[in-house]
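*Asks:* Using the sequences plus the hints, can you model the full thing?
Going line by line, the protein sequences match chains Z and D.
Here our numbering is used: the first residue of the first sequence is 1, the next is one more, and so on.
Here our numbering is used: the first residue of the second sequence is 1, the next is one more, and so on.
Honestly, the hints are just simulated from the structure, not real lab data.
Among the clues, some could well be false.
As the list makes no split between identical chains, a pair holds if one copy fits it or if it spans any two.
[Unchecked claim] Calculated lysine-lysine pairs in the DSSO-like style (CA-CA distance at most 27 Å, straight line):
#1 Lys46 x Lys33
#2 Lys15 x Lys33
#3 Lys205 x Lys15
#4 Lys93 x Lys117
#5 Lys67 x Lys93
#6 Lys117 x Lys15
#7 Lys47 x Lys117
#8 Lys28 x Lys263
#9 Lys263 x Lys44
#10 Lys325 x Lys205
#11 Lys33 x Lys325
There are 2 protein chains.
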Amino acid sequence: MHILVFGAAGMVGRKLVDRLVTDGRLGKDAITKMTLHDVVAAKKPKKVGFPVEVSAGDFAVPGVAEKLLANRPDVIFHLAAIVSGEAELDFDKGYRINLDGTRMLFDAIRLTGSSYKPRVVFTSSIAVFGAPFPEAIGDEFFTTPLLSYGTQKAIGELLLADYSRRGFMEGVGIRLPTICIRPGLPNKAASGFFSGILREPLSGKEAILPVSEDVRHWHASPRSAVGFLIHAATMDTAAIGPRRNLTMPGLSATVGEQIAALKRVAGEKVAARIRREPDAFIAGIVAGWPRNFDARRARELGFTTAEKTFDDIIRIHIDEELGGKFVA
Amino acid sequence: MHILVFGAAGMVGRKLVDRLVTDGRLGKDAITKMTLHDVVAAKKPKKVGFPVEVSAGDFAVPGVAEKLLANRPDVIFHLAAIVSGEAELDFDKGYRINLDGTRMLFDAIRLTGSSYKPRVVFTSSIAVFGAPFPEAIGDEFFTTPLLSYGTQKAIGELLLADYSRRGFMEGVGIRLPTICIRPGLPNKAASGFFSGILREPLSGKEAILPVSEDVRHWHASPRSAVGFLIHAATMDTAAIGPRRNLTMPGLSATVGEQIAALKRVAGEKVAARIRREPDAFIAGIVAGWPRNFDARRARELGFTTAEKTFDDIIRIHIDEELGGKFVA
Numbered sequence: 001m002h003i004l005v006f007g008a009a010g011m012v013g014r015k016l017v018d019r020l021v022t023d024g025r026l027g028k029d030a031i032t033k034m035t036l037h038d039v040v041a042a043k044k045p046k047k048v049g050f051p052v053e054v055s056a057g058d059f060a061v062p063g064v065a066e067k068l069l070a071n072r073p074d075v076i077f078h079l080a081a082i083v084s085g086e087a088e089l090d091f092d093k094g095y096r097i098n099l100d101g102t103r104m105l106f107d108a109i110r111l112t113g114s115s116y117k118p119r120v121v122f123t124s125s126i127a128v129f130g131a132p133f134p135e136a137i138g139d140e141f142f143t144t145p146l147l148s149y150g151t152q153k154a155i156g157e158l159l160l161a162d163y164s165r166r167g168f169m170e171g172v173g174i175r176l177p178t179i180c181i182r183p184g185l186p187n188k189a190a191s192g193f194f195s196g197i198l199r200e201p202l203s204g205k206e207a208i209l210p211v212s213e214d215v216r217h218w219h220a221s222p223r224s225a226v227g228f229l230i231h232a233a234t235m236d237t238a239a240i241g242p243r244r245n246l247t248m249p250g251l252s253a254t255v256g257e258q259i260a261a262l263k264r265v266a267g268e269k270v271a272a273r274i275r276r277e278p279d280a281f282i283a284g285i286v287a288g289w290p291r292n293f294d295a296r297r298a299r300e301l302g303f304t305t306a307e308k309t310f311d312d313i314i315r316i317h318i319d320e321e322l323g324g325k326f327v328a
Numbered sequence: 001m002h003i004l005v006f007g008a009a010g011m012v013g014r015k016l017v018d019r020l021v022t023d024g025r026l027g028k029d030a031i032t033k034m035t036l037h038d039v040v041a042a043k044k045p046k047k048v049g050f051p052v053e054v055s056a057g058d059f060a061v062p063g064v065a066e067k068l069l070a071n072r073p074d075v076i077f078h079l080a081a082i083v084s085g086e087a088e089l090d091f092d093k094g095y096r097i098n099l100d101g102t103r104m105l106f107d108a109i110r111l112t113g114s115s116y117k118p119r120v121v122f123t124s125s126i127a128v129f130g131a132p133f134p135e136a137i138g139d140e141f142f143t144t145p146l147l148s149y150g151t152q153k154a155i156g157e158l159l160l161a162d163y164s165r166r167g168f169m170e171g172v173g174i175r176l177p178t179i180c181i182r183p184g185l186p187n188k189a190a191s192g193f194f195s196g197i198l199r200e201p202l203s204g205k206e207a208i209l210p211v212s213e214d215v216r217h218w219h220a221s222p223r224s225a226v227g228f229l230i231h232a233a234t235m236d237t238a239a240i241g242p243r244r245n246l247t248m249p250g251l252s253a254t255v256g257e258q259i260a261a262l263k264r265v266a267g268e269k270v271a272a273r274i275r276r277e278p279d280a281f282i283a284g285i286v287a288g289w290p291r292n293f294d295a296r297r298a299r300e301l302g303f304t305t306a307e308k309t310f311d312d313i314i315r316i317h318i319d320e321e322l323g324g325k326f327v328a
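*Replies:* Next comes the structure, spelled out in structure tokens:
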């Protein structure tokens, strides 16, 4: 089985590749080849039992997708995207990569040939939804994004469903929750603090909390995100029907609940490294974000999270990123 | 006020132009110029108190929209589309006109200049919805189209909302019900019989009914459709917020109720010209179509139908198309 990953150098892409390399297989099939594409070269994994090709460059350029499809990969993970903040600041770039790039990829698949029908897993986002929301967003709630990024993702979902209905590919779109705990350095994303208030204190560093503790949000661990991608790539799509874009399961938690979990798992002293510094600008942005979902359909289709509680989310981070230890 | 109409030669476009010419104004403003564009030249209206320019050609070609926008029309009606059957048969043409053409128009508006922000009225369709449906589809139901046409319209809606949110234009998207009674010759559209079983008998001709009388569908007269367009062009958009695509009000009626109305308005003899000829293929297509909506938001925003009952729909046709007389 040949797997092609777009966006392989990103955080979720790297975690996915690690898992695929460790497993050596995807579902029932042994992996025979992997192609990793991103705008910057992805790190080539070590100790791999199959050939891995690394390709770097802009994928929203005519001919790039065609070339990567020449060997007819069986499964394509499409994780490539301009993130929300940048897509909002650079209108043309966001539409060019997130809309045109996605469409060029789907068209390249369509035009490859009559017998080619790969599984395509597309990472969408809960940014396809826009406030005001019901208390828990159900599977049939409409998509009225409030960012160009969410608009582009919603368009990608529509294309994925139509290209699948037409028989050009076997697409599954998954709307990932906010990934928590996101590893790496603090960044300027408005959502950064949801991970920062856990990740930084666990490493002995101070973190800033810009919103009040009653802010509720929708989370999943990186391990869950990778699990969703693998399941989307291997599930029986006969059950999914024409509605191919699914809100993934997650945990709805307030910031207060996140902090309580941190205290339980790592102690009061660690949680004391969180400094309250209210920021009206960030609070305003976050107020428009989804708080909770009823992801019934995805659960019925076999998507499961790796965590049952927020304590688990913290433990997964300590396990995967900190070698089992944190700074008490 | 300068008005530009894309799709001016189509059925709804012609009715809209007739109404604008008769009124001589749009809302509070006198019309000073009208530009009519379509792939074939629209008929130039007679006895007009303002200059009318007719332009013919493919609008999904670079430069065409820019040229038509050179005089900065205040209101743009975008009714141009490849219809559902053709968009399904010709994948590339449907995407090129319905998606690329719409995006090229919106981008041409965006790039015209900082102070330009026209009102843009976009005709979407109830084809953005896909079965299974609730008994009445509410304003927050999700869009999962089952045709490429509906996919392209749903994408147009997303673009319209994002380009409006960004401040490039003042867009309003309206999802028209099936237009009934559609004037003109019978066509091969699967929905054709909804109009045919009324229009043909009223002209003394036989009509074929391919489905059972309990089939329910969602209708509005051409007069209502024009009323929706005018209201969308003149309403205060402050009230609409970021959710700029609205399901228009209509009448939900079964075929049996349509026929009963025909009997009341035109008599048993006219209704006897309907011949039952069940067609499993058409029945299958129609089974996937919306039956009923709760168009609350549009009503609250001032959209109203010209008809209260199906009898009215028939009377409007007799009045507008048959000079007040039918073949008894």
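*Asks:* If a hint holds in the structure, say so; if it doesn't, say that too.
*Replies:* Here's how the hints hold up against the structure:
no.: 1; hint: Lys46 x Lys33; result: within (14 Å within a copy, 69 Å between copies)
no.: 2; hint: Lys15 x Lys33; result: within (17 Å within a copy, 60 Å between copies)
no.: 3; hint: Lys205 x Lys15; result: within (24 Å within a copy, 68 Å between copies)
no.: 4; hint: Lys93 x Lys117; result: between (29 Å within a copy, 22 Å between copies)
no.: 5; hint: Lys67 x Lys93; result: both (22 Å within a copy, 25 Å between copies)
no.: 6; hint: Lys117 x Lys15; result: within (26 Å within a copy, 45 Å between copies)
no.: 7; hint: Lys47 x Lys117; result: neither (30 Å within a copy, 58 Å between copies)
no.: 8; hint: Lys28 x Lys263; result: neither (41 Å within a copy, 64 Å between copies)
no.: 9; hint: Lys263 x Lys44; result: neither (38 Å within a copy, 75 Å between copies)
no.: 10; hint: Lys325 x Lys205; result: within (14 Å within a copy, 84 Å between copies)
no.: 11; hint: Lys33 x Lys325; result: neither (35 Å within a copy, 74 Å between copies)
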